[in-house]
Each structure stands twice: as C-alpha cells, then as structure tokens.
Amino acid sequence: MAPQDKTQNDLPSPLAQVATGHWQRLLESWPLVMAALKPAQADELKIVLGLSDYIATQLCRHPYWLETLFAGELEQLERQSFSAELAKCFAGIGSEDEAKAALRRYRNYQMVRLAWRDFMGYAELEHSLLDLSALAEALVIAARDWLYLDMCRQYGTPMDAEGRPQPLLILGMGKLGGRELNFSSDIDLIFTFPEHGDTQGGRRSQPNQQFFIRMGQRLVNLLDQVTVDGFVFRVDMRLRPYGESGPLVVSFSGLEDYYQEQGRDWERYAMVKARALGPWTCYSDELHDLLRPFIYRRYIDFSAIESLRRMKQLIAQEVRRRQLTDNIKLGAGGIREVEFVVQSFQLIRGGREPALRQQSLFGAIDVLYHLGQLEYLAVDELKQSYLLLRRVENLLQAIGDKQTQTLPDNSLDWQRLCYGMGLADETELRQQIAAAMLKIHRHFKATVGGDEGEDKAEHWTAQLWNSQEAEDAQALLSEQQLQDDGLWPLLSHWRDSMAKRAIGPRGRETLDKLMPRLLQELLGQQSPSAAFEPVSRVLDQILTRTTYLELLCENPGARQQLVSLCCASPWIAAQLAKFPMLLDELIDPAQLYDTTSLDDYGSELRQYLLRVPEEDMEQQMEALRQFKLSQQLKIAAADVTGVLPVMEVSDHLTFLAEAIIEQVVVQAWQQISARHGLPPQRENGGLGFAVVGYGKLGGIELGYGSDLDLVFLHDNTSTDLTNGERPIEVNHFYLKLAQRILHLFSTRTTSGELYEVDMRLRPSGASGLLVSEIERFGEYQRDEAWTWEHQALVRARFVFGDNALAARFSAIRAQVLEKPRDKAELAKAVREMRQKMRSHLLKVSDDQFDLKQSPGGIADIEFIAQYLVLANASDYPELTIWSDNVRIFGVLAELELLPIMNAQHLTQAYCLLRDENHRLTLQQLPGLVAADKFAAQTLEVQNIYRAVLGD
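Numbering-wise, our numbering puts 1845 at position 831 of the sequence shown, and it's gapless, one number per residue.
Rather than coming from a laboratory, the hints here were simulated on the basis of the structure.
Treat the numbers as computed from the prediction; the structure is a model and nothing was measured.
Among the hints, a few may not be true.
[Stated by the list, open to error] 25 Å max Cα-Cα, derived DSS-like pairs, lysine-lysine: (1) LYS1947 x LYS1866; (2) LYS1397 x LYS1459; (3) LYS1866 x LYS1842; (4) LYS1459 x LYS1416; (5) LYS1750 x LYS1850; (6) LYS1514 x LYS1527; (7) LYS1514 x LYS1592; (8) LYS1397 x LYS1343; (9) LYS1592 x LYS1527; (10) LYS1837 x LYS1857; (11) LYS1343 x LYS1527; (12) LYS1750 x LYS1857; (13) LYS1857 x LYS1833; (14) LYS1842 x LYS1857.
[Stated by the list, open to error] Restraint-style ranges between C-beta atoms, simulated for each label pair: (15) VAL1660 x ILE1914: 48 to 54 Å; (16) ALA1449 x HIS1507: 51 to 57 Å; (17) PRO1307 x GLN1497: 48 to 54 Å; (18) LEU1496 x GLN1398: 48 to 54 Å; (19) GLN1231 x HIS1210: 50 to 56 Å.
Beta carbons: idealized from backbone N, C-alpha and C, even for Gly.
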C-alpha cells in the first residue's frame, strides 16, 4: 500500500502547531536533523509528529532511529524477522535489567515504525494487526527463552519422569491469539507446562511447578514493569484457571481437569482465541488437542448463544455503570459485538465444522460465508464495519500509546483521526462510525439477540405450563376458547414425570423457557393433545441434552417444524427422537425443504466428508450416517408436506444410497490398501471392483428404511500378491475389501447402522463367495442359476465401479436375459415361485389387503414384468435395457407385447400401491389396508396376471 502523498501544509492549523512544537524539541536533541533528511522526508516527519505524541516523544529520545526508518524500514516490513533481530539483541545479555532494557528499546522502535506506517498509509489494517501481533509474540517468546536458560543455569532443567526437558508453554489469548492485536493492547496470557517432575542439574532439585511459577513471575515482570524505557506490554493473567486466586502456572493435566470439571461458558468463549505462542512443537499440538473438547462440543451447541447473551448483558451493565459513552469496543454495535457474532457461530458449530476452529476473526467469518451460515451482505457489512472501527481504535491508541476505545473528547485528536482516516472532519467520521455500529448491532441482534431492557409480557402459555391445579389450567384453556379436554391431563402427567428426571438446573431452566413457546405452536394444531404426544416423545429423548432444548428455545422455525413434522409423520417423530442431531436440520425451513438435486448427492457427500479428518475412521463412519439421516429427513419432510412429488421420493432415496455406496467402497479401499498395498494391475488407478444393486435398489424404488440387496464383483484372474508391507493374494484382497464394506455398512455408531445389506442374491446365495470374479459370475448365471435368480437379474443394475466392469456386467446381464426360454415352462416356474412366496409371506385376515403380497399387489405386478422380459428378450433385446418396472412396462407397450391399456393399468396400480406403502411407512404402520380400499385396481391386476401367466 502506497503512503499518502501529503505535505505539512495539508495539516489543519492546530495539528501544524503541535507538529512545529515537536519539531523544535527534535532539533534540540538532534541539531543535524535537517542535514540528514531530504525535504520530502522532513515534510513526512513533521506530519507524523503532528499526528502522534507517542512517536514524537520516542523520536526526541532516539533521533538516530530516523536514519534507519528512512533507509527503507517504513516501506518494507518483514514480520518474520522480529525473532531473529531479538536474538541478536539478547546476545551477550547477562542480567535481568539488561534484558528489560533490550526488550523495551526494541519494542519502542518497532511500535514507532508500525504507528508511522499506520498513520501514513504504508500498510493495510489487516497487515498492521498481523505485524503488531507478530511483534508481541516475538517479544514474549524472546523473554521466555532467555529466562528459561537463565533459570536452568540457576536451578537446573525441569524434567519429566522419562528425563525429557519440560518447556513453559504460553497460550496467547484474545486478540494476540487471533493475530489481531491493536496498537496499545494489553496481552492476556496463560502459562502451562506438560508434565510434573523435578529439576535436574541444579544445586538443589525443585518441583517443576515451583520452577515454572517462579519463571512465570519473572516473565510477567520482564514484560509488564514500567522502567525508564516504559513497558513491553501490560500483561493480564486473569484468564488462567481459578483466575487471580489460582496458581500462576499449571500442568497440562491440571489444565485439563479444571476445564473438564469447572470450566465456565465465558472461558469457552475466551479459549476460541487461544493459541500456543512461539515455534510450533509436539507440545503445542498436545495442548491444543487437550483444549479442543472443552471449547468445541461434538454436537451443534446452542447453549453458547445464551452464554454470550448473558456476557453481553453484563458488559452493557458495566458500560452503563461506568457511564461510558462513545466507546467503539463495548458500546452497542461495537467491536465486541462483531466478535460475539463470529464466536457464537464458532462455539455452536465448531464441533462439527473443523474449519471454524481457528483464532482469526477474519478467517472464521470467511468460513462462515463458505459454509452458508452468513450471507454475503452480512459478511461484507460486518467485515467492513469491523475494519473501520479497528482502524479508528488503532489510530486512537497510536496517538499517545494509551489503551483506549473511547472516541476523543477534544478537537485536536479528532483532527488526528480524520487525517489518518482520510476524512474531512469529525462530523463525517462520526457518521461513518455510527453507520458501522448500527449495522453491527443489527447483525448482533439477529444472531445473539437479547436486547437490553427487553421485557416481553409473559404469554398465557407460561401460566398454563406452571399451573399446579387442574381447575386453573382448564380455566385458562376456557378463557382462550380451546376445546381439547385431553391436553391438560397429558401435559400435567408429562410435567410430573419430567420432575423426577435428573436433568440439572440448566436443563430445567431451559425446559421452563421452552415449554410455553412450544405450547404456543401446539395450540395452533387441530388437536393439540394429539400433537403433544409425538412431540413429547422427542422431548423425552433430549431432556438430558440441554443443548437441544436450547436449540428449540432459540429457534422459532425449529419449533414450528418439530410440531408440524411430528404431526404429519410418526416415522419422522421417531427419527427425531432416536437421532436428536437431526433437530439441527429444522433450524432453517427453507433449507429443510430444499431437497438435494438427484445429480448432487455424490458431490454433497464428498464435500460433507471433507470436514472430517481422512484418517479418523470412526468420525468418517459417523459422518456417513449423519449425512444419510439428514438427507433422508429432508426427503421425508418434503414428501409429507407435498413439496416433493411422491413419484420422486424413491429416486431421491436411491440416489442417496448410491452416493453412500460410492464413499463406503472408497473408504474401504483406502483402509485395506493402506494395510496390504494394491493389486499390481491397480497401481496406475482403477479398482477392478464393482457393486451391483438388486431389488429395490436395482429398480430405483427404495423406500424409507429399505435394505440394500448387493452383489460384489471383481476382474482379477491372477494369483499375484498385493504390493504392500503385508502382501496377500489379490483374490483375498477383494474378499477383505468386501468384508470391510459390509463392516462399514453394518457397524452401529451413535447414529445407528448405515444400511442393512442383504448379500443372498450373490451366486450360490449365502453359501457362495462374498465377492465373485465377473466371468465366473457370468458362467454361474448362464449355467447354474435358477429361474428366480434370473427374475432377480431383471431388477439388477450396475451401481458403482470401473467402467470396464460396468460394460462387462451389462453384456453378461443382457446375454443371460436374452437366453431363449420355453414360455410355458417359464410361466409355470414363475407361478410356482409366486405361490411359494405368497404362502410363506402372506399373513392377513380376510378384511385386510397386504400391499405387497396379496393377490393383485406389488409382487404380482413385479412378477408380470419379470416374466415378460425373460419370455421375450431373446426376440426383443431392448427389454434388457431397464431394471425398473415402470420403464419395462413402457417398452412392453411400445413393442405391443402388452396391450397399452394393460401396461398403463399396471403402471398406475404399481405407483398407487407403492405410494400408499410410503405413506404408511411415514405413519409407522405396516403395509396393510382395508381389503376393499384398492379392490378395483387390484382385481384388474389379477386379471392381467392370469392372462399373462395362466392359472
């Protein structure tokens, strides 16, 4: 960024007078200043002297700095060089007083340099904040490292039980941790060390903790004490465990115990910014791994909102108590509110979104945009407003090296700010600040809410929830003209049963806030008592998980969707009760009903899995299940509300399953190949492996809760070994791959089983090999398979694998289906199989109709399609193209193998019965209806069945 091209004449008169005064003082301390500087440099210097009393004071003390500054150090700054330069400064230093002087001189020179660059526009604000943070970190670490060596010489080196030296780790908190330090900020630090033990090599051994506490005290003194050269940084140690009453330094285990047992919400907020300072080591990793579970919950954590709101209310009370005005940090719409907005999202979603686990506000806000949590306009307004306030804050503090966020109370400092900001006058700058704070506060209220002084009148449902007497409750309901005699007994009984549950004070407080709001939603239903039952079952499951109660409390949209979906579908209610993480999906109704397009399930899942470490198998398995559950909920929600046409439900469920199959195979391949290496012919890519879907998956007709009928194929015919450290035969490799795939599908995690997989349709059924070589599969189908296996092959479809295998499978399938058959024998075999199936599976009374197995039901229609394909494919190969019944009937009609009216009737009846089956599943009912419900349609199916297959 180029500096502003201005001269002293551009300064307002009051600033010019101040500049002249400082210039005279500088001439007194360095009479040769005019001879040493070029005219343009002298002009720039006079401007800076007018803008910052701090720069003027330091330059009058150290005028020789000017030669270095004008020798290129204003235009260029390499923040990475701070540490190396400090190492040179500390070379040969033997006493603490010398160390203090070296630290302060270096600090003052660099701060003059940074303030100058800021006022004169040499650097963008974000770079200035990074530079200030890097300088602070370098100073702290230089002081730490010098002290450590000095103390080891005196007391010996702290060691763990295995004799490894133990370092002092320093957590930079707040803006230092986030690399966003402002000019005259104090620094919040926490000191810790890895392991207890004793010092070795000194005159007298002492415990590690005693060594580090003494070191910590000296380090704070090195940085914080005011000497003739000033201070390095004001150091605040109050964020450590137990605050000022706690030990100055604790071990990793002490830190972990404290946060697990006593860590408070505000400490979680503070820890979002925590960063181990200095060169990164294995101990830095260990420290951050230790803190992560405390900061970021594995679930979406809405308790953070209430905590942040309470913190903001306390700050607002403090602002009022101290009568702070014009405070751009703590006031409404100030810097702190931007931090609250961003950190609320980090705390809520950081457990599920690793990209949010970062200290930088700028980085986190960009991630929130990419994750779709903040709109572009919100991000732009928050970022631009924040940058404006931070620049004002930085310049404000650089005027006199004072820690202040209060706008000036004098015209001189306003002129300095306006000059640094490139604005005409105080009015214009005040308008920009006010506009920025207004935007910030609007976004803060939208995210965190909790307007001070907001005291809404208690809704009558709160009185209902708190009613102790039935008469009072019924009177309340009567006043509201609600005629539902069943509601109060249900509510009262449920409330009494909840009183016996151990849900803790926070959970009980949240439940008492939630229930009146939830009752408002329930009372809008046609039958509130009927609506309460499924909703209460969901509540039963989340009572001990306060974060989900808070989610519902904080999100009106989530409450509305919970009630409406539970009323629409007991199946959805059961899913929500069984897997409370699905409640997260209810927050944004627009997103809930926006089902993923069919072609996007694969890419959506790949993107979802990028958030999970590739090497964490448990997390990957859980992520697959969570993705399936959330997508299935979206499909069901769109289904029951009519947003998604019923005809498309199976398409979505099938494409979702295919996307998951792909990722399961990829993960299984990575795990097996990592252990055993790759088949030699696969070193250049490809899997040589395929998954074939049968049944509902093959026919693109999956329903809610359908299992997957799969067959695995490979193309290896060699006896080669894999190329890994533990080589195995390639055929054995593919067997292990198949076993791993089944393991990934069937393992129960906290989100349940992925899919139930049925492998009985593979060659030779349950007694056959788990994975077949494709030519052997072809031989079996041609020479050994039964008619019912060929019927199943009609519904078979290549789902995932190499293109060459796809083509070969399609050729084998076509070849087998096109085999000439005796139609009478085929019809007899198909009829017998149907009768065998019916006698085995049909268990209904005379007044009931089983949608699948009763005469004229789904199975009869499927058998008609399968028979007609097997009977005619030898003459009409186009019958082997499709695996789904609807398109098979379409082709049969086109070929005039089935009268068009019959084809249409079979298609309509098939869709009608499947739709009814979907509906009953969502109502958690078996696939049974009254015998006369579809009598006309099923009677016609029976007639066609007899016409095609005979009696």
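(request) Could you tell me whether the CB distance from ALA1449 to HIS1507 stays inside 51 to 57 Å? (result) Given a distance of about 55 Å, which is inside 51 to 57 Å, the answer is holds.
(message) Can you confirm whether the C-alpha distance between LYS1459 and LYS1416 stays at or below 25 Å?
(response) Violated. LYS1459 to LYS1416 sits at ~31 Å, over the 25 Å cutoff.
(message) Tell me if the straight-line CA distance from LYS1592 to LYS1527 falls inside 25 Å.
(response) holds, 23 Å
(request) Starting from LYS1750, check that the Cα of LYS1850 is at most 25 Å away, please. (result) violated, 36 Å
(request) Quickly compare the C-alpha distance for LYS1842 and LYS1857 to 25 Å and report which way the hint goes. (result) Distance ~24 Å between LYS1842 and LYS1857 Cα, so the pair holds.
(request) Mind checking the alpha carbons of LYS1947 and LYS1866 for me, to see if they're no more than 25 Å apart? (result) holds, 14 Å
(message) Just to be sure I understand the hint, the distance between the Cβ atoms of LEU1496 and GLN1398 should be within 48 to 54 Å; is that true here?
(response) holds, 50 Å
(request) Below or equal to 25 Å on CA atoms is what counts here, so check LYS1343 against LYS1527. (result) violated, 31 Å
(request) Kindly confirm whether 48 to 54 Å is satisfied by the beta carbon distance between VAL1660 and ILE1914. (result) violated, 24 Å
(request) Mind checking the hinted window 48 to 54 Å against the Cβ distance between PRO1307 and GLN1497? (result) holds, 50 Å
(request) Starting from LYS1514, check that the Cα of LYS1527 is at most 25 Å away, please. (result) Holds. LYS1514 to LYS1527 sits at ~18 Å (cutoff 25 Å).
(message) What's the verdict on LYS1397 and LYS1343, does the C-alpha distance respect the 25 Å limit or exceed it?
(response) holds, 15 Å
This entry does not satisfy hints 4, 5, 10, 11, 12, 13, 15, 19, going by the numbered hints stated previously.
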